[in-house]
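Chains A and B, in that order, give the protein sequences. Per this note's numbering, the first sequence starts with residue 1, numbered consecutively. Per this note's numbering, the second sequence starts with residue 1, numbered consecutively.
Quick caveat, the hints were computed from the structure, so don't treat them as lab data. A few of these clues could be false.
As the list makes no split between identical chains, a pair holds if one copy fits it or if it spans any two.
As the list claims (entries may be wrong) - Straight-line Cα separation of at most 20 Å, EDC-like style, residue types lysine to aspartate or glutamate; simulated pairs:
| # | residue 1 | residue 2 |
| --- | --- | --- |
| 1 | K861 | D513 |
| 2 | K504 | D605 |
| 3 | K916 | D21 |
| 4 | K369 | D181 |
| 5 | K684 | E502 |
| 6 | K326 | E243 |
| 7 | K840 | E789 |
One letter stands for each residue in the lines below.
Protein chains: 2
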Amino acid sequence: MGKQKKYVYFFGGKKADGKADMKGLLGGKGANLAEMVNIGLPVPAGFTITTEVCTYYYANKKKYPKELKAQVLAALKKVEDHMGAKFGDPKNPLLLSVRSGARASMPGMMDTVLNLGLNDVTVQALIEKTNNPRFAYDSYRRFVQMYGDVVLGLKPVDKHDEDPFEVILDNKKRQHGFKLDTELTAEHFKELVEEFKTAIKEKTGSDFPDDPMEQLWGSVGAVFGSWMNERAIIYRKLNRIPEDWGTAVNVQAMVFGNMGEDSGTGVAFTRDPATGENVFYGEYLFNAQGEDVVAGTRTPLPISKLAEDEPQIYKQLDQYRKILDKHYKEMMDIEFTIQQGKLWMLQCRVGKRTGFAAIRMAVDMVKEKLITKEEAILRIEPNQLNQLLRPIFDVEEKRKAIEGGKLLAKGLNAGPGAASGKVALSAHDAEIMAASGDPVILVRIETSPEDIKGMDASEGILTARGGMTSHAALVARQMGKVCVAGCGTLQINYRERKITVEDKDGITINEGDYISIDGSTGEVIMGKLETKPSEVVQVLITKTLKEEESPIYQTYRSLMGWADKLRKLKVRTNADQPDQAANAIAFGAEGIGLCRTEHMFFGGDRIMSVRKMIVSDTLEERKAALDELLPLQREDFEGIFEAMNGFPVTIRTLDPPLHEFLPHSQKEVEELAAALNISVEKLKSKIESLHEFNPMLGFRGCRLGILYPEITEMQARAIFEAACNVSAKGIKVKPEIMIPLVGDVNEFKLQEDIVRKAASEVTKEKGVKLNYLVGTMIELPRAAVTADEIASRAEFFSFGTNDLTQTTFGLSRDDAGKFLPLYVQNEIIPNDPFEVLDRKGVGELVKMGTEKGRSARPNLKVGICGEHGGEPSSVEFCHSIEMDYVSCSPFRVAIARLAAARAVVKETNSKKKSVKKAKSKKSSKKK
Amino acid sequence: MGKQKKYVYFFGGKKADGKADMKGLLGGKGANLAEMVNIGLPVPAGFTITTEVCTYYYANKKKYPKELKAQVLAALKKVEDHMGAKFGDPKNPLLLSVRSGARASMPGMMDTVLNLGLNDVTVQALIEKTNNPRFAYDSYRRFVQMYGDVVLGLKPVDKHDEDPFEVILDNKKRQHGFKLDTELTAEHFKELVEEFKTAIKEKTGSDFPDDPMEQLWGSVGAVFGSWMNERAIIYRKLNRIPEDWGTAVNVQAMVFGNMGEDSGTGVAFTRDPATGENVFYGEYLFNAQGEDVVAGTRTPLPISKLAEDEPQIYKQLDQYRKILDKHYKEMMDIEFTIQQGKLWMLQCRVGKRTGFAAIRMAVDMVKEKLITKEEAILRIEPNQLNQLLRPIFDVEEKRKAIEGGKLLAKGLNAGPGAASGKVALSAHDAEIMAASGDPVILVRIETSPEDIKGMDASEGILTARGGMTSHAALVARQMGKVCVAGCGTLQINYRERKITVEDKDGITINEGDYISIDGSTGEVIMGKLETKPSEVVQVLITKTLKEEESPIYQTYRSLMGWADKLRKLKVRTNADQPDQAANAIAFGAEGIGLCRTEHMFFGGDRIMSVRKMIVSDTLEERKAALDELLPLQREDFEGIFEAMNGFPVTIRTLDPPLHEFLPHSQKEVEELAAALNISVEKLKSKIESLHEFNPMLGFRGCRLGILYPEITEMQARAIFEAACNVSAKGIKVKPEIMIPLVGDVNEFKLQEDIVRKAASEVTKEKGVKLNYLVGTMIELPRAAVTADEIASRAEFFSFGTNDLTQTTFGLSRDDAGKFLPLYVQNEIIPNDPFEVLDRKGVGELVKMGTEKGRSARPNLKVGICGEHGGEPSSVEFCHSIEMDYVSCSPFRVAIARLAAARAVVKETNSKKKSVKKAKSKKSSKKK
């Protein structure tokens with residue numbers, strides 16, 4: 001005869017049936033209660049009915065397994081023995097709580113019943129025991145109400161409908177002219193118990209059950225039932241929790257923090273969840289129940305106060321927190337209750353924390369030898385590093401401003417960090433205002449490449465249109481600027497130089513007024529809030545803080561050091577200017593993965609030469625204009641090569657459609673026509689002829705260089721001349737010339753030939769030897785599909801996943817705002833594909849391109865330079881398909897480094913797991 | 001000792017060393033000369049030096065194989081024997097021609113030398129033999145000139161430079177005051193020979209070679225040398241002729257058609273190359289050489305005249321043409337010469353023909369049992385069928401108009417056929433003018449969906465902008481309208497209602513003037529030219545001609561009957577209206593593969609309801625507008641279901657961006673605002689809010705139906721109500737609802753649910769049972785990549801290769817005009833991918849989509865509904881990947897049917913070939 005299946009796990013005293021790693025069977029709460037018992041912490045005794053019972057319950061028309069009853073009774077007996085009281089006993093009654101407890105936390109979604117075991121008889125025993133009739137009757141009426149609501153189903157389904165018990169309670173207070181529950185006496189509560197029971201009889205036709213065992217089974221059934229309530233179903237769907245996990249039910253002896261002044265209750269963390277510091281952090285209230293701490297009606301005291309008031313209890317609690325911290329090797333979130341001078345631990349779980357704290361604690365725990373470096377790296381979500389890098393508002397100051405009604409609007413958190421400044425409504429104004437020393441927030445309906453200088457001059461950028469990958473957002477992140485994008489309620493009136501807000505009548509922000517934007521939350525706030533650069537930035541970039549003075553920086557350095565040793569992917573940066581490149585190196589970049597030459601076209605008077613080139617009618621005119629640009633581009637490249645000091649630099653030849661360089665307003669057109677000495681009509685007709693229906697799919701990328709080879713020629717010359725000049729100074733240079741928007745190997749060949757010819761001419765002229773590569777961006781589906789052909793010529797691939805996402809999805813990121821948010825919200829697609837690389841579609845093409853490319857050229861260098869290069873899960877994907885490097889904006893370099901390291905650790909762990917599985921299969925076979 | 005390698009192939013008398021299928025070794029000319037000898041035709045004796053000698057020559061520093069000389073001398077001996085004359089003999093000299101002859105025809109690209117063997121001695125023998133000193137000296141001076149130009153290299157490389165011999169000739173004429181060569185006497189020619197020789201001595205430093213053998217080897221070397229001249233290299237590149245094929249050299253006895261009135265020369269075809277009729281067709285001249293017939297200085301006589309003048313010769317010649325036609329089973333192009341009463345055949349090759357003739361001859365030859373049906377089908381390029389379907393100008397009338405300077409411009413031949421009509425510069429004007437009974441040519445800078453009704457009312461459409469797949473071209477082809485697109489030299493002034501032409505100063509075409517456009521050639525001609533529908537159209541569509549009265553129709557019917565029996569692909573049509581559908585059925589369509597519901601939105605007052613729907617602020621307003629549209633759409637679908645009479649009908653739900661339905665001019669906006677009873681500002685802001693940067697990648701396709709499910713719901717209802725109503729009449733209905741622009745299976749699911757819900761509601765209401773399918777268009781790379789997921793729900797795929805080409809290439813067809821023509825011209829890509837399916841990129845995705853789709857749903861129905869569905873090589877591709885059907889515009893249905901049949905024949909042939917190869921390998925192994 002086989003052993004009976006175990007459905008009930010006892011915990012209490014010094015030994016529990018379960019343990020922490022049984023979350024699947026016992027739920028998170030049950031497993032941790034058992035674990036606390038096992039490590040010697042005082043936990044009110046109880047037992048857990050397993051999730052298997054829940055599964056059985058739903059698979060068998062809401063019946064329990066036949067063994068359950070006996071197991072529950074046996075466990076209950078043990079609880080009675082441990083607690084020295086008896087369930088339903090008229091003299092010494094044991095009271096119980098019944099709580100849900102699923103594998104994953106589902107806070108507030110399922111039902112709880114407290115104070116089980118009370119009836120007209122046992123309440124008398126409670127009065128005697130506590131000498132507190134008001135407490136006893138209050139507990140009793142709460143129990144009847146909770147039981148009526150939860151077990152007997154009197155709680156209204158629609159939250160706008162009234163709870164019948166609350167109606168009775170309100171009536172009672174009104175009768176007596178009371179405002180607060182605290183004004184009610186023991187007698188009032190006693191009356192309420194009767195009135196509640198009458199209401200139950202009326203609504204359900206049955207009496208309230210006085211039998212404790214009936215109360216117990218009713219409550220257990222209600223908790224299992226709540227697994228399938230609507231709230232829980234929706235929550236699981238949203239959080240992707242499988243339905244068949246089921247919930248466990250925890251039945252536990254009640255302890256009371258509100259039994260008098262020698263009782264109390266509190267919540268605490270084993271370390272500071274905000275800073276990560278290894279100090280005890282929490283708060284408590286005397287003579288109170290758990291809900292009082294959370295409700296905010298009384299202000300709780302900091303845990304340090306407990307050390308003064310109850311040094312003995314505090315010492316005990318602090319000892320427990322140390323045990324827990326060390327045992328779990330994690331910051332734990334704990335709940336405790338003091339009942340008449342005795343400390344009970346009611347719950348523990350891994351605590352939530354800020355990114356800042358996560359990093360600090362992970363690094364500290366490695367140093368404390370609690371966890372390995374690999375474990376530390378797995379514990380930090382790479383994006384949490386942002387909190388170490390971004391300028392920040394003072395939390396309190398911001399909260400006050402918002403409470404004071406200063407919150408203007410909320411947009412997309414497109415460029416993390418905090419910035420305050422004067423509103424400028426044009427890039428030009430931004431430059432002027434910044435020149436006079438004022439901090440500036442550039443506010444535009446949307447930005448265009450012409451605004452680059454103004455954006456650079458500003459502290460932050462705020463736009464009314466555009467998404468997370470709009471021009472403003474992309475450039476801001478690359479520049480490390482704060483950015484709030486797509487703030488649709490802002491109505492920006494360029495003519496009247498003011499901003500109004502759709503849902504805030506009467507509020508007007510004029511150009512020059514101060515506003516503050518939080519790019520980590522998307523908040524736009526009126527007025528000025530103080531900001532400061534993070535310590536890491538102070539050490540690395542502004543050099544205003546010394547390493548040894550900043551423990552935060554030291555933490556960062558330790559973590560990044562471990563990450564760098566682990567990762568296989570190289571991390572490069574997207575940078576167009578020497579200062580960006582220098583910042584990126586400070587953040588650990590190992591080269592430039594994308595240097596966009598067109599951004600250089602907007603500096604100084606260059607734009608005039610660019611425009612001259614564009615409106616040229618003849619090759620000669622065009623060449624003359626290009627000759628003006630050559631020395632300027634060369635100078636830029638020299639700066640970048642020097643800044644990168646031997647790291648590889650991938651330079652992309654001209655990419656955007658030419659019309660992006662031309663002016664649009666009548667006034668600007670007139671000015672340009674005058675400057676170029678051509679008629680306004682001619683210039684207009686040129687601009688008109690460059691108009692495109694779908695610029696994204698138009699005359700851009702290598703198509704420009706194929707129609708106008710002289711442009712590529714000039715750029716190649718500028719690159720190689722700069723490389724030779726810098727090389728002559730004894731600085732190593734590794735240029736990698738990248739041809740954009742290639743769809744066919746023939747396009748690549750034509751451009752490659754021009755580049756190689758320029759290289760051989762320039763190196764001959766300068767008498768310098770250069771190592772360089774010529775490769776391409778893979779950003780069209782056709783390039784991925786024909787990657788083998790392209791790799792027969794291209795020496796490297798860099799996946800331009802921004803454009804590849806646009807073409808693969810047939811989705812313009814400038815136009816997707818109308819429907820993409822709805823798509824993500826309704827889970828038609830799991831993520832915004834411009835933020836997180838779409839593995840199923842775009843990723844499949846990236847994989848195909850990489851494999852086909854390497855089939856033709858085994859040593860093909862492969863990287864990614866889309867925005868995804870700095871997005872952690874996308875970096876993981878890049879690692880999984882064995883790319884050589886990712887490239888991202890300077891302020892995401894550290895994030896990418898960490899993500900790359902995590903990818904390695906995860907891979908190793910999953911390999912270990914499968915080896916283990918294979919071994920255990922083998923050994924079980926041997927048996 | 002092995003046999004000596006054979007480099008020289010003799011032909012002459014009754015037996016040749018070679019034969020027709022040795023074109024690779026002997027070149028086309030040599031092989032056919034040998035074949036004519038073998039079938040008993042009189043050919044001047046000669047020999048062919050093989051292409052292997054050419055290959056050897058270039059592989060061995062321009063040396064010949066050592067065996068060559070002896071083989072040439074032996075062959076020459078045989079020629080002398082057969083012709084009864086001796087090369088270089090002072091009394092009875094044999095004269096030779098030396099001509100190139102490659103495997104593929106390269107007309108005029110390589111060199112020829114005639115009259116070899118003449119010198120001061122042999123010319124005397126020629127005089128005696130012909131008694132015609134002028135002929136003899138003229139031949140001699142021509143030889144010296146040709147030899148000097150070709151062999152000695154005096155011909156100027158730059159064609160602007162003067163030929164030194166022509167200079168001397170001109171001087172001679174000027175001296176004597178002559179205008180024509182015919183005025184020169186024997187004595188003058190004799191002088192010229194001397195003067196030419198002097199010039200040669202001056203320029204080259206050497207004497208002109210009198211030795212005939214030296215002349216022969218010099219000429220052979222020159223012909224081999226000309227294989228690598230610049231012209232030939234470029235020609236080969238353009239025509240993809242491999243360089244290593246090499247050329248053969250044909251050395252042949254000269255015969256002269258200019259030896260007097262009993263001599264003559266001519267060219268002819270074994271059947272009529274224009275109509276295909278089985279009659280002798282050609283022309284000839286007495287006392288003339290080949291070049292005289294071609295040069296046009298004398299007007300040649302029709303071959304029928306020969307029957308009167310020389311009945312014996314004609315009879316003989318007619319007999320030869322019959323032998324050739326029957327032997328080659330092809331219409332042959334022949335050259336003949338009569339020398340002093342004796343007929344010689346000089347050349348034969350497969351002749352060029354019109355599409356019309358190609359079809360007629362292929363069908364006739366099957367009936368004559370010369371070829372099989374499969375062979376006939378392979379001989380007709382599907383596009384040649386166009387000539388049987390399109391209205392046509394009278395060729396003579398058009399030629400006269402063009403010679404009279406009436407050619408206005410040339411654009412793209414976007415919609416084949418011919419049309420004359422009055423110019424209308426707006427769709428509205430076109431409708432009005434057409435209503436008054438005038439034929440109309442709609443002339444627009446470009447067309448938009450709003451112009452549909454005006455296009456429908458016009459005979460033809462002419463645009464200044466846009467390519468082969470512009471809106472105008474697409475719609476025109478679908479409507480079967482004549483269209484010339486992208487005629488860039490036209491300057492269309494809407495305000496002044498006139499057209500001027502860039503390179504034709506002073507010419508103005510006013511609205512209302514007649515013009516004629518030839519959509520098969522792209523010509524735009526001033527004035528009116530008569531047109532007529534083709535006989536096939538008269539029988540099938542206009543029903544103005546009976547089958548039995550039209551042999552042309554009967555030919556068409558035979559051919560299509562054979563094609564239909566062979567093909568495996570079904571052929572459907574793209575049709576939006578009942579009349580289009582009916583035409584398509586007449587052309588053999590087996591269903592509708594794409595019915596675009598949005599075109600229905602422009603009819604009558606519907607556009608107002610559509611616009612109401614678009615500007616609606618609330619769901620209720622939108623539903624009210626949709627309610628107005630429902631009965632109208634239902635009516636359309638009823639018409640289509642009735643016309644298709646049981647054939648499947650694929651209906652695509654709303655696809656284009658909404659802004660396409662809104663007006664743009666201030667006046668129209670004001671009118672619409674008034675009609676909708678909203679403010680102009682509001683309407684403008686709505687229009688503005690719908691503006692997109694890249695409409696191709698924007699808010700369109702199923703994205704519309706996902707954001708506004710009520711649109712899909714209305715359309716599904718209209719479809720199913722129509723289906724039920726028509727079904728109730730006893731007509732079979734097979735609706736296939738197609739969801740456009742799906743990129744993820746979740747999008748499909750959402751739309752599918754709406755469609756299936758409507759279906760179940762409507763069929764319940766109507767009490768009718770319906771079979772229907774729900775499927776999707778695969779037009780995004782992501783759909784192809786995730787086709788397995790999509791096919792888990794979709795019951796059919798239709799590849800929308802127009803959009804798939806745009807997204808795969810990242811190429812907007814509206815904007816590609818700037819660079820795509822250059823790409824095709826420079827062979828960066830082999831074809832315009834919007835015309836011919838790009839197999840390497842787009843095709844690979846189509847293949848992947850089909851395979852992945854069928855992996856998830858083995859019986860998935862797969863078709864194509866892009867423009868490529870009517871393009872022959874693309875149809876072949878669709879067959880090769882085992883699609884179920886192609887769908888194309890009504891007027892391309894027949895073309896697709898033929899292309900589908902050809903695909904089968906080609907496949908079978910290539911299988912036979914590989915079986916044969918495998919067998920011969922096997923048998924050679926056995927040895």
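Do the hints match the structure? See the list:
Taking the closest pair of Cα atoms, K861 and D513 never come within 20 Å of each other, the shortest separation being 50 Å inside a single copy and 63 Å across copies. Within a single copy, K504 and D605 get their C-alpha atoms no closer than 42 Å, and across copies no closer than 41 Å, so neither meets the 20 Å cut-off. Taking CA atoms no more than 20 Å apart as the test, K916 paired with D21 passes inside one copy only; the shortest distance there is 17 Å, against 70 Å between copies. Taking the shortest alpha-carbon separations for K369 and D181, neither the intra-copy value of 51 Å nor the inter-copy value of 109 Å comes in at or below 20 Å.
With identical chains, the CA atoms of K684 and E502 are at most 20 Å apart between copies only, with a shortest distance of 19 Å across copies and 36 Å within one. Proximity of K326 to E243 under the C-alpha cut-off of 20 Å is found in neither arrangement, the shortest distances being 34 Å within a copy and 80 Å between copies. Within a single copy, K840 and E789 get their C-alpha atoms only as close as 24 Å, which misses the 20 Å cut-off; across copies the closest is 10 Å, which meets it.
When the structure is compared with the earlier hints, violations turn up for hints 1, 2, 4, 6 and for no others.
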